[in-house]
Amino acid sequence: MKRIGIVGYSQNKIKRDAGSANEVELIMPVVHKVLETTNLTQSHIDFTCSGSCDYLQGAAFAFVEGLNAIQTYPPIKESHVEMDAAWALYESYLRILSGEAEIALVYGFGKSSPGNLDQIMSLQLDPYYVAPLSPDRVNLAGLQANSMIKAGILTREEMYLAISAASRNGLNNPNAIKIDNPSWDEYLMGEIVSSPLTKFDCSPVSDGASAMIIATEDACEKFNLSPVWIDKIGHQVDSANLGFRDLTQVKPVSDLLEKFKIDLSSIDVIESHTQFSHEVVLLSKIFNCSIEEINPSGGPLVGNVMMAAGLDAIGHTFEKLQNHSAKTGLAHAASGPCLQQNLLAYLRCDS
Amino acid sequence: MDKEQEKDYFESLISLEYNFTAGSATTRFLEAIAKGNIVGQKCPKCGAVYVPPRGSCPRDGVPTLEEIQLPDYGCIESFTVVHIPIPGNPIEPPFVSAMIRLDGANISFLHLIQEIALEDIRIGMRVKAVWKPETEWTTSLENIKWFKPTGEVDINPESLKFISS
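As given, the protein sequences belong to chains A and B, one line each in that order. Read in order, the letters of the first sequence are residues 348 to 698 in my numbering. Read in order, the letters of the second sequence are residues 3 to 167 in my numbering.
Don't take every hint at face value.
[Unchecked claim] Okay, the calculated bits of chain B under chain A, using three or more residues with CB under 8 Å as the criterion:
#	segment
1	24-35
2	54-65
[To be verified] Straight-line Cα separation of at most 20 Å, SDA-like style, residue types lysine to any residue; simulated pairs:
#	chain 1	residue 1	chain 2	residue 2
3	A	Lys569	A	Glu383
4	B	Lys47	A	Thr388
5	B	Lys44	A	Lys569
Please keep in mind that the hints were generated in silico from the structure rather than gathered at the bench. By construction, the Cβ of each residue, glycine as well, lies at the ideal position given by its N, Cα and C atoms.
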């Protein structure tokens, strides 16, 4: 099969509120940066794909405006996913595999500060039975955390560990938001947002954008690019009906791992799209690693740009492999409530 | 009342509120229009002038940082006669919505044409802004009430290509 690799990644410094900057002004710098670091121009890009959510901007077809950030003349081939840009990466990967393109640009952006993110995310739920009840995303995450506690697979100590690890790791990530690292007592006294989740357990509302370029082996040789290979990539979705799911598990991730047939103990770096502390605990167990080991970037708890945070997990894994501090990496992206839909990408360097 | 009882459904209205941000380029445009000035931005690569500016050239994908003062006159690039009332729109039909291409700009924006019989409106016709009284100015393109013909010689529509090069 055709080998496809990531050759560049760029991310804005994540902000809680990007102020007057609009989406185009957030996207432009990361697209320019990723083209610059790969020494490519838009004319080398055969396919462009973005990930965003119009509900964040509150305007129909708002994603089209995002195209103002990139060079579209002569006309380009492009597409969009109304989900995390990790899935824009997946679409680009398939387009390249099918022979439609050699080099693809992927970008994701989200400015969550203008609206009420918790309310907005509840609109992704089943419109007949669940959305009219307006459970917000933290309520649903709380349900999942509660079922884990009841099943005896989650403790407050583990959730606290996830927060401290994220806060510590975030200090080494220049693009991360600085979050509080509460003491154990402060954590226990923390204001409950949706039981058992405190404000410390939830990722911050974030504004930002990220961009990535992927290319075939031939294109890498032609343009002297140093790729990190996407060895395996896949995604799987659980039922949209929360009542049909066992919230103490993430079946799509377990299934994908089985399909990938990779030895988890041999993986050097794991980045996961975990937006709440209990999700960090849940996935670290599935990935068979410690809570301190997962998400060396700090993960979404130190910056959770909607529709880009999944691509960022892949991007941060890529960076570790690109600077040779790791040889193999596993990145995880999620979509939907309570880790409903999941994407895994297994990355590898040439040894 | 009977009809009400027949309902076997309920309406569940959802509304969301946003703090809209125009972006830094459009913010500067709106601040200028509040003082009666029309400010566009020029692409450093292709030289196209955008008004209202969005902060980027979608043709070249680069920021448009140079600001250009534009006049309040130009020509009609395209137009349509609206006969059907639009809900919530205070303007009585029939009226004319036109794409106005200001002199020195490479793109047009939508505005009204008045002070002329509908059948006399033509593509290429020279028009000039009619402003509201200064005391009513806000950060809105509605500071211009409408555009009216100047009576000058029409512009050849062929010359209205986006860019000549």
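Verification of the hints:
{"no.": "1", "hint": "24-35", "in the structure": "holds (count 6)"}
{"no.": "2", "hint": "54-65", "in the structure": "holds (count 9)"}
{"no.": "3", "hint": "A/Lys569 / A/Glu383", "in the structure": "17 Å, holds"}
{"no.": "4", "hint": "B/Lys47 / A/Thr388", "in the structure": "14 Å, holds"}
{"no.": "5", "hint": "B/Lys44 / A/Lys569", "in the structure": "35 Å, violated"}
The earlier numbered hint that this structure contradicts is number 5, and it is the only one.
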